[in-house]
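> Sequence:
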Amino acid sequence: MLGYRDLPRDWKMTVHRDIAVIGAGPSGLSAARTLAATGRDVVVIDKGRGPGGRLSTRRGPEGVRLDHGCQFITLKQAQSTALVQDLMDSGVIARWDPQSGKDSVKKPFAEPDWPIGVPTMSAVPKWFAKGLDIQCGARIESIRADGGAWQLLGSDGIVASATQLVVAIPSPQAIDLLAPIQPDFLDDMHKATYDPNWTLLVSDAAHENPAPFEVMTPDSGPLGWIANQASKPQRPSQSAWIAQATSEWTREHLERPAEEVATLLFQSLQELVGGGLVGTPTAHRWRYALVSQAVGQPCLVDSARKLVACGDWCLGPTVGHAIDSGLAAAEAILKTDS
1307 MLGYRDLPRD WKMTVHRDIA VIGAGPSGLS AARTLAATGR DVVVIDKGRG PGGRLSTRRG
1367 PEGVRLDHGC QFITLKQAQS TALVQDLMDS GVIARWDPQS GKDSVKKPFA EPDWPIGVPT
1427 MSAVPKWFAK GLDIQCGARI ESIRADGGAW QLLGSDGIVA SATQLVVAIP SPQAIDLLAP
1487 IQPDFLDDMH KATYDPNWTL LVSDAAHENP APFEVMTPDS GPLGWIANQA SKPQRPSQSA
1547 WIAQATSEWT REHLERPAEE VATLLFQSLQ ELVGGGLVGT PTAHRWRYAL VSQAVGQPCL
1607 VDSARKLVAC GDWCLGPTVG HAIDSGLAAA EAILKTDS
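Per this note's numbering, the sequence shown starts with residue 1307, numbered consecutively.
These are computed hints drawn from the structure, not numbers from a lab. C-beta: ideal position from N, C-alpha, C; glycine also. Honestly, I wouldn't trust all of these hints.
Pairwise CB distance ranges (calculated) [claimed, not checked]: (1) Asp1392 <-> Gly1345: 19 to 29 Å; (2) Glu1558 <-> Gly1397: 33 to 43 Å; (3) Met1394 <-> Thr1499: 32 to 42 Å; (4) Gly1345 <-> Gly1580: 49 to 59 Å; (5) Asp1347 <-> Glu1577: 51 to 61 Å; (6) Glu1566 <-> Arg1355: 24 to 34 Å; (7) Ser1598 <-> Thr1569: 26 to 36 Å; (8) Val1584 <-> Thr1642: 51 to 61 Å; (9) Ser1543 <-> Thr1586: 26 to 36 Å; (10) Ser1461 <-> Gln1603: 25 to 35 Å; (11) Gln1576 <-> Gln1488: 46 to 56 Å; (12) Ala1512 <-> Asp1452: 50 to 60 Å; (13) Arg1445 <-> Glu1565: 17 to 27 Å; (14) His1322 <-> Pro1542: 11 to 21 Å.
Produce the entire structure from the sequences given, and follow the hints as far as they go.
Quick look at the structure:
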């Protein structure tokens, strides 16, 4: 069974594939999984260390794992909601019903509880990736059409070759990659916009969580979301917190060093929890965190060139939107194949 792996610096793909997917986030993985199930020879290529995108988990300084991207999974559409039972049956997700802090608003989407990956959020993309050929650590710098095939090029030459291509990365990155070849849908891609996000991670393996609350969405200040990770199912009781800054605060401080951002946000978190937090704070910047304006189409297709672009930016800000876009991209690829 194939799986994802890091690529050596001099790695080259010599076998031509039916379909190449650039991007191993929820959209790219759902597209690749659907296409591979039809018997197509599919390869997924991603610049990161592993699949997942925002559905990722980071190990803190003390070894505590923190879900520093998507905090819960929203699957609203008919296609993506059909995945929930499969994920539940596989033991990949569980329901999280946290208690809100005094400054919190009602839960988004009015759901009684939220699906989350267990034992970490990264379990979800790993489930999607099972059985797929996913090559990580490969940055695609340009693409070109050559004799009815797409060639994907890195700094050292051709990384992959495929008959059909799915581009499943944030729209600003996709625009940079696709602009030289001018696909039919390039103008539509410019409609999408993102909000950035600075995320604070704080953990201490030697202490249990003081747990004054489980989730808070403050009404004011730099932080817009705070989660006590110990409240999530199948998480250890060690002190572990995720705090996400507001979009406005993030834009104001977008280019500040991560160390400075961590110090500022940790001070705000301490004030909101009443002090007493220990551990080394770190900050992660998501430059393309949440879609603020979607294109409004499930995916974008250049049928004549056997090229499809997909992602959350097509439909909306949630993981469910990203998955639905990936499923639509797979359907579009299959239509161009018929």
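> Does each hint hold? Answer for all of them.
Hint check:
1. Asp1392 <-> Gly1345: 19 to 29 Å: Since the Cβ atoms of Asp1392 and Gly1345 sit about 20 Å apart, the hinted range of 19 to 29 Å holds.
2. Glu1558 <-> Gly1397: 33 to 43 Å: holds, 42 Å
3. Met1394 <-> Thr1499: 32 to 42 Å: Check passed, 34 Å falls within 32 to 42 Å.
4. Gly1345 <-> Gly1580: 49 to 59 Å: With Cβ atoms ~57 Å apart, the hint holds.
5. Asp1347 <-> Glu1577: 51 to 61 Å: Given range 51 to 61 Å: holds, Cβ gap about 55 Å.
6. Glu1566 <-> Arg1355: 24 to 34 Å: With a Cβ separation near 25 Å, Glu1566 and Arg1355 satisfy 24 to 34 Å, so the hint holds.
7. Ser1598 <-> Thr1569: 26 to 36 Å: For Thr1569 against Ser1598, whose Cβ atoms are near 27 Å apart, the range 26 to 36 Å holds.
8. Val1584 <-> Thr1642: 51 to 61 Å: holds, 56 Å
9. Ser1543 <-> Thr1586: 26 to 36 Å: violated, 19 Å
10. Ser1461 <-> Gln1603: 25 to 35 Å: Since Ser1461 and Gln1603 have Cβ atoms about 33 Å apart, the given range 25 to 35 Å holds.
11. Gln1576 <-> Gln1488: 46 to 56 Å: holds, 51 Å
12. Ala1512 <-> Asp1452: 50 to 60 Å: holds, 57 Å
13. Arg1445 <-> Glu1565: 17 to 27 Å: The hinted range 17 to 27 Å holds for Arg1445 and Glu1565, with Cβ atoms some 26 Å apart.
14. His1322 <-> Pro1542: 11 to 21 Å: violated, 46 Å
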